[in-house]
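Engineer: Chain by chain, the residues:
There are 2 protein chains.
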Amino acid sequence: MIDLSLPLGLRDPTPDHSAHLAELSARLHRVFASFGYRRLLLPTLERLAVVERGLSGAALEGVLKFVEPGSGEVVAIRPDITPQIARLWAARPDALPDPARLCYDGPVLRVREARAGRPREVHQAGVELLGAGGPEADAEALALLRRSLDRAGLGAAVVEVGHARFAGEVLAAARLPRAARAAAEEALSRKDEAALAAAARGGRGRPAARDALPAQAGLYGEGALGRARTLARGIPGAARALAELEAALSLSRRRVREVEVDLGEVRGLGYYTGITFAGYAPGAGAAVASGGRYDALLARFGRPGPAIGFAVDLEYATQALERRDGARGVRPRRAPRR
Amino acid sequence: MIDLSLPLGLRDPTPDHSAHLAELSARLHRVFASFGYRRLLLPTLERLAVVERGLSGAALEGVLKFVEPGSGEVVAIRPDITPQIARLWAARPDALPDPARLCYDGPVLRVREARAGRPREVHQAGVELLGAGGPEADAEALALLRRSLDRAGLGAAVVEVGHARFAGEVLAAARLPRAARAAAEEALSRKDEAALAAAARGGRGRPAARDALPAQAGLYGEGALGRARTLARGIPGAARALAELEAALSLSRRRVREVEVDLGEVRGLGYYTGITFAGYAPGAGAAVASGGRYDALLARFGRPGPAIGFAVDLEYATQALERRDGARGVRPRRAPRR
Chain B
264 MIDLSLPLGL
274 RDPTPDHSAH
284 LAELSARLHR
294 VFASFGYRRL
304 LLPTLERLAV
314 VERGLSGAAL
324 EGVLKFVEPG
334 SGEVVAIRPD
344 ITPQIARLWA
354 ARPDALPDPA
364 RLCYDGPVLR
374 VREARAGRPR
384 EVHQAGVELL
394 GAGGPEADAE
404 ALALLRRSLD
414 RAGLGAAVVE
424 VGHARFAGEV
434 LAAARLPRAA
444 RAAAEEALSR
454 KDEAALAAAA
464 RGGRGRPAAR
474 DALPAQAGLY
484 GEGALGRART
494 LARGIPGAAR
504 ALAELEAALS
514 LSRRRVREVE
524 VDLGEVRGLG
534 YYTGITFAGY
544 APGAGAAVAS
554 GGRYDALLAR
564 FGRPGPAIGF
574 AVDLEYATQA
584 LERRDGARGV
594 RPRRAPRR
Chain R
264 MIDLSLPLGL
274 RDPTPDHSAH
284 LAELSARLHR
294 VFASFGYRRL
304 LLPTLERLAV
314 VERGLSGAAL
324 EGVLKFVEPG
334 SGEVVAIRPD
344 ITPQIARLWA
354 ARPDALPDPA
364 RLCYDGPVLR
374 VREARAGRPR
384 EVHQAGVELL
394 GAGGPEADAE
404 ALALLRRSLD
414 RAGLGAAVVE
424 VGHARFAGEV
434 LAAARLPRAA
444 RAAAEEALSR
454 KDEAALAAAA
464 RGGRGRPAAR
474 DALPAQAGLY
484 GEGALGRART
494 LARGIPGAAR
504 ALAELEAALS
514 LSRRRVREVE
524 VDLGEVRGLG
534 YYTGITFAGY
544 APGAGAAVAS
554 GGRYDALLAR
564 FGRPGPAIGF
574 AVDLEYATQA
584 LERRDGARGV
594 RPRRAPRR
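Chains as they are written, first to last, in this note's numbering: chain B, 264 to 601; chain R, 264 to 601.
Just to be clear, a hint being listed does not mean it is correct.
One copy or two, either will do: identical chains are not told apart, so a pair holds if it fits within one copy or between any two.
[As the list claims (entries may be wrong)] Heads up, simulated SDA-like pairs for lysine to any residue below, C-alpha to C-alpha not over 20 Å straight-line: (1) K454 with F329; (2) K328 with A406; (3) K328 with P306; (4) K454 with A478; (5) K328 with L267; (6) K328 with L273; (7) K454 with R503; (8) K328 with P360; (9) K328 with R373; (10) K328 with R383; (11) K454 with A435; (12) K328 with V371.
Because the hints were derived from the structure by calculation, they are not lab data.
All values derive from a computational prediction rather than experimental measurement.
Could you build all of it, start to finish, from the sequences and the hints given here?
Structural biologist: As structure tokens, then:
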């Protein structure tokens, strides 16, 4: 008996599913091109030193790395394409203008601890706007995300926006002891108002800042921006973050019908420094797209500049499209499994 | 100073060049789809045991392999996509009908000894027709190759055909001692008629077979098929190979304007067992496409069947397109290098 299995954790999409992923990618690239974004092909492997420069500690654990037998170098199968683009931006200023509008398509490999260290291959299509900061660039990225979802057939997807610094500024202003800070972050991820109130009691910040902490649990859904404005009054850093978000939303209003807001996130923000956004579609197991502003990453590679981008997870986006078509009574596109 | 280099041997295409590769791939896939070929996405990694089953010894030396830290398995970055498709054909009979028309797109990684063991990443787009043998399938593949080159803008490319068994049958019929056989193979690759004649003198085959050997050096260019017919008269295996090639050419005549013939190749045939073909375009450093019939590969994975396919080397094909546009006085598409 021949063992035809794949390396642990990997899998083959069926031909139907592959075709859907490829069609989706082609549709997205037509939208990216219509916004002036140019396609990059990037290598499968990077030196580990480059990958380390682009990712934070937690993300680095998910990198599949090995010694390349020919050279003895420690190399990694790329876990993320954005740091590759940051490397290229710094390495090839002759080829990449400032600002540069770039897009890409391809697999990345991530080892997920939740699945006993097995790699998962994720097919992405995404964009990066390098060298452009401020609300206009933020609004462009938001509008491109909305158009991409609409043209991909995911008009029903909701765009959720946040800001990478807001919750952190509120937490910092409360001046919690280290243990209480960890507890507060944990409580924030669960949106647990009572636990946040308990953590706030040990803070040394001004009362307004400590009062803001439990209110953070409610900074999503309808009216969240108004509540955030009230809450941020006494916390200048949070107020600045909120102003950035509101400026971007105001500029994109004509092109982005409606967004949901979630300002309560403090974890898993990676290299983001400004507005963040994600797309959620009915039927998909996770966000179909995610991204944000990362104004500190490019400098790590030696050519500083503001930047913003997002990636569509082709797998989850296709899942949403296939479920939508199935629900509508269209012949289910997924091939039957034995 | 930050080291922004890539792992040894890899490189970044410029954005212009990337865009050309991506556009070319999109154009090819439209042709593949018009012939009914469906797109597959295949994983970057395979277990080494699977790769070994699909490649011969020489090709295996070019595989980048390592121990996957999570599982301890020896895995390889795919050096070729055809064996992956052979694996899938055997592993998922529920998802792949017989016959199956499949196409793909993506990078493969090959370590080239000529470049001191450095890996080269090759972007390919290709097709496989699995479960279909005989001249009709051969003619379909030839017609699809021709149409692909034409629609890609490579109408000036020449299609060269051969047969994986022809030269080997002639060599076998000459019944050379082992050392003379090696010398003859070497002479054949140089098309060195004198050396072939010298090698033939030591053969124990019938005179007709020994006489055929030096004539092999001239089995290319105009009139090659006629000369091959004469030469194969006393060698049944060679005559059968030639008949297969002529049947395919006859069936594809309406759709494939003209081909060049080269029946003198005996090396580097990999898993091919029947007709072989390649596309050569002005301005490209090597073949822009290559492929052939491989009727023994699928059985190695446990689901036997005839098969034929080809891959376009997107890098060389784009090189040809860029040189063509440059020569025509069109703005050169390649970005300036510092």
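Engineer: State for each hint whether it applies.
Structural biologist: Evaluated hints:
1. Taking the closest pair of Cα atoms, K454 and F329 never come within 20 Å of each other, the shortest separation being 39 Å inside a single copy and 43 Å across copies.
2. For the identical chains of this complex, K328 and A406 are neighbours neither inside a copy (36 Å) nor across copies (43 Å), given an alpha-carbon limit of 20 Å.
3. In the homo-oligomer, the alpha carbons of K328 and P306 lie at most 20 Å apart both inside one protomer (15 Å) and across protomers (17 Å), since each shortest distance falls under that limit.
4. Taking the closest pair of Cα atoms, K454 and A478 come within 20 Å of each other only inside a single copy of the chain (10 Å); across copies the shortest separation is 83 Å, beyond that limit.
5. In this assembly of identical chains, the alpha carbons of K328 and L267 lie at most 20 Å apart only when taken from different copies (18 Å versus 24 Å within one copy).
6. Both within a single protomer and between protomers do K328 and L273 lie at most 20 Å apart by alpha-carbon distance, with minima of 16 Å and 16 Å respectively.
7. For the homomeric pair K454 and R503, neither the shortest alpha-carbon distance inside one copy (23 Å) nor that between copies (75 Å) is at most 20 Å.
8. In this assembly of identical chains, K328 and P360 lie within 20 Å of each other by CA distance neither inside one copy nor across copies; the values are 32 Å within and 37 Å between.
9. In this assembly of identical chains, K328 and R373 lie within 20 Å of each other by CA distance both inside one copy and across copies; the values are 11 Å within and 18 Å between.
10. Proximity of K328 and R383 under a CA criterion of 20 Å is satisfied in both settings, with 14 Å inside one chain copy and 18 Å between copies.
11. For a Cα distance limit of 20 Å, the shortest separation of K454 from A435 inside one copy, 17 Å, qualifies, whereas the shortest one across copies, 77 Å, does not.
12. In this assembly of identical chains, the alpha carbons of K328 and V371 lie at most 20 Å apart whether taken from the same copy (13 Å) or from different copies (18 Å).
The earlier numbered hints that this structure contradicts are 1, 2, 7, 8.
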